[in-house]
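The residues making up each chain are set out below.
2 protein chains.
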Amino acid sequence: MTNPTAAMLVIGDEILSGRTRDANMHHLAGQLTKAGIDLTEIRIVSDDAPAIVAAVKALSGRYSHVFTSGGIGPTHDDITADCIAAAFDAHIDVRDDARALLQAHYDKSGQELNTARLRMARIPDGAVLIDNPVSTAPGFSLQNVHVMAGVPSVFQAMVASILPTLTGGEPLLSQTLRVVRGEGDIAGPLGDFANRYPDLSVGSYPFQKDGVYGANLVVRGKDVNALDAAMAELARVFA
Amino acid sequence: MTNPTAAMLVIGDEILSGRTRDANMHHLAGQLTKAGIDLTEIRIVSDDAPAIVAAVKALSGRYSHVFTSGGIGPTHDDITADCIAAAFDAHIDVRDDARALLQAHYDKSGQELNTARLRMARIPDGAVLIDNPVSTAPGFSLQNVHVMAGVPSVFQAMVASILPTLTGGEPLLSQTLRVVRGEGDIAGPLGDFANRYPDLSVGSYPFQKDGVYGANLVVRGKDVNALDAAMAELARVFA
Numbered sequence: 012m013t014n015p016t017a018a019m020l021v022i023g024d025e026i027l028s029g030r031t032r033d034a035n036m037h038h039l040a041g042q043l044t045k046a047g048i049d050l051t052e053i054r055i056v057s058d059d060a061p062a063i064v065a066a067v068k069a070l071s072g073r074y075s076h077v078f079t080s081g082g083i084g085p086t087h088d089d090i091t092a093d094c095i096a097a098a099f100d101a102h103i104d105v106r107d108d109a110r111a112l113l114q115a116h117y118d119k120s121g122q123e124l125n126t127a128r129l130r131m132a133r134i135p136d137g138a139v140l141i142d143n144p145v146s147t148a149p150g151f152s153l154q155n156v157h158v159m160a161g162v163p164s165v166f167q168a169m170v171a172s173i174l175p176t177l178t179g180g181e182p183l184l185s186q187t188l189r190v191v192r193g194e195g196d197i198a199g200p201l202g203d204f205a206n207r208y209p210d211l212s213v214g215s216y217p218f219q220k221d222g223v224y225g226a227n228l229v230v231r232g233k234d235v236n237a238l239d240a241a242m243a244e245l246a247r248v249f250a
Numbered sequence: 012m013t014n015p016t017a018a019m020l021v022i023g024d025e026i027l028s029g030r031t032r033d034a035n036m037h038h039l040a041g042q043l044t045k046a047g048i049d050l051t052e053i054r055i056v057s058d059d060a061p062a063i064v065a066a067v068k069a070l071s072g073r074y075s076h077v078f079t080s081g082g083i084g085p086t087h088d089d090i091t092a093d094c095i096a097a098a099f100d101a102h103i104d105v106r107d108d109a110r111a112l113l114q115a116h117y118d119k120s121g122q123e124l125n126t127a128r129l130r131m132a133r134i135p136d137g138a139v140l141i142d143n144p145v146s147t148a149p150g151f152s153l154q155n156v157h158v159m160a161g162v163p164s165v166f167q168a169m170v171a172s173i174l175p176t177l178t179g180g181e182p183l184l185s186q187t188l189r190v191v192r193g194e195g196d197i198a199g200p201l202g203d204f205a206n207r208y209p210d211l212s213v214g215s216y217p218f219q220k221d222g223v224y225g226a227n228l229v230v231r232g233k234d235v236n237a238l239d240a241a242m243a244e245l246a247r248v249f250a
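So the protein lines, in turn, are chains A and B. Going by my numbering, the first residue of the first sequence is number 12, and it counts up by one from there. Going by my numbering, the first residue of the second sequence is number 12, and it counts up by one from there.
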């Protein structure tokens, strides 16, 4: 059985300008791996409508799922919901179900549901809301695109809301052997090893610290017994 | 004058699987911003030849420069150089200039330039080598694609080698005002402010920590005087 595939689309000028580091990619990657959904591509684009629309179209056609982060708040630069609607040619406006969630939230906190906040209730027709237990303003899924906030605590809560509703596959397991030898010495026997295990994926991730050269050899696969057997052999090869 | 544009292509199974966090995007983003080259898109793809070739073709056609990281070491999963050659239909083999660099390096350290290490001298015809003062094995530029290592210390050294050779534009300057108010309260006046300064880019990056809601308001532009004047007004708006 092949696992479902996924792409992530990060909408974020602030990452492309070097102002901040993204925290959501690493979180989503780990969660999808556990769920048996293969994250195959990530794209980061700026807060530019044509770029967002083009990326959504390209990725949603190619992968089982697309997860987006960023651009669904109340400010003028929050344009993701409108871009998703445009990508699928869906009508978008303030939707009653989302408005009711926000109204209840702001009534409780004594704040006004003003025009800006109401922007967060703009949801495309046909979309299913994604629960936001942190700050109420919902994400949404339209077809195979899951639209989530950029603030890490909210992003993580939305991932926790949506993931159990998706059909996963077999989790990809991985084991790592750390070898303190230059990759040039490892490469020959490692290539032979990889050829002997065509059902496993074998990667070498070099490091270099304080003048010491080495590599983390990572073996990935879905069958725990095959993986254990391979790792035992790998340890013998580089003993 | 418009600045040159750039995309980054990260080749890395280990990031997509959630095993490691990428460290190179943030570094390159900061360096390009300083150099006046607008980083407009980042893609992360797995160690998969068709995916790498397709991304190189798409990005090199669209942007002034493409910077890649990862996949140029000596192991079986290092396939970037061959993919770049394929993307440009260029011949690739062990090249004398790269081999000479490696031979001198390994002679000095008393290590053997074996078949695996010689893989790092595979350079496409027509490419210009990128100096690697850390560990010798060179990167290369083929047309507008600059191919660099994934190990952060080496990546950074290669960026330092290549950037001074590229024509930059006017650096994009940015200033930040931190406002401890919910984005829903900020959004109206911020949108009006952004409309008054069409030559500046105005972004709101919300945060939420220990129950406190706020946003970093970031204004970007190339003219330091215009930026200073705008920031003074922004401070008055949210005083």
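Some hints here could point you the wrong way.
Repeated chains share a single entry, so a pair holds when one copy, or any two copies, can fit it.
What the hints assert, rightly or not - Computed list of lysine to aspartate or glutamate pairs in EDC-like fashion (alpha-carbon distance at most 20 angstroms, straight line): (1) 45 to 244; (2) 68 to 142; (3) 233 to 59; (4) 68 to 93; (5) 119 to 196; (6) 233 to 221; (7) 68 to 100; (8) 119 to 107.
Please keep in mind that the hints were generated in silico from the structure rather than gathered at the bench. Values in this document were obtained by computation on a predicted structure and should not be read as measured data.
Checklist entry - When no copy is specified for residue 119 and residue 196, does a C-alpha distance of 20 angstroms or less occur within a copy, between copies, both, or neither? => result The answer is between: 16 angstroms across copies meets 20 angstroms, while 64 angstroms in one copy does not.
Checklist entry - Using 20 angstroms as the alpha-carbon threshold, which applies to residue 68 and residue 93: within, between, both, or neither? => result within (14 angstroms within a copy, 29 angstroms between copies)
Checklist entry - From the Cα coordinates, with 20 angstroms as the cut-off, is the pair residue 45 and residue 244 best called within, between, both, or neither? => result neither (25 angstroms within a copy, 48 angstroms between copies)
Item to check | Intra/inter-copy verdict for residue 119 and residue 107 if alpha-carbon distance must be at most 20 angstroms | outcome: Only inside one copy: residue 119 and residue 107 sit 18 angstroms apart there, 72 angstroms across copies, limit 20 angstroms.
Item to check | Same-copy or cross-copy closeness of residue 68 to residue 100 [CA-CA at most 20 angstroms] | outcome: within (11 angstroms within a copy, 28 angstroms between copies)
Checklist entry - Is it within a copy, between copies, both, or neither that the alpha carbon of residue 233 lies no farther than 20 angstroms from that of residue 221? => result neither (35 angstroms within a copy, 39 angstroms between copies)
Next on the checklist: Within, between, both or neither: how does the pair residue 68, residue 142 come out at a Cα-Cα threshold of 20 angstroms?
Outcome noted: Close neither inside one copy (24 angstroms) nor across copies (39 angstroms); limit 20 angstroms.
Next on the checklist: At most 20 angstroms between CA atoms: does that hold for residue 233 and residue 59 within a copy, between copies, both, or neither?
Outcome noted: Intra 39 angstroms, inter 19 angstroms, cutoff 20 angstroms: inter-copy only.
When held up to the earlier numbered hints, the structure conflicts with 1, 2, 6 and fits the remainder.
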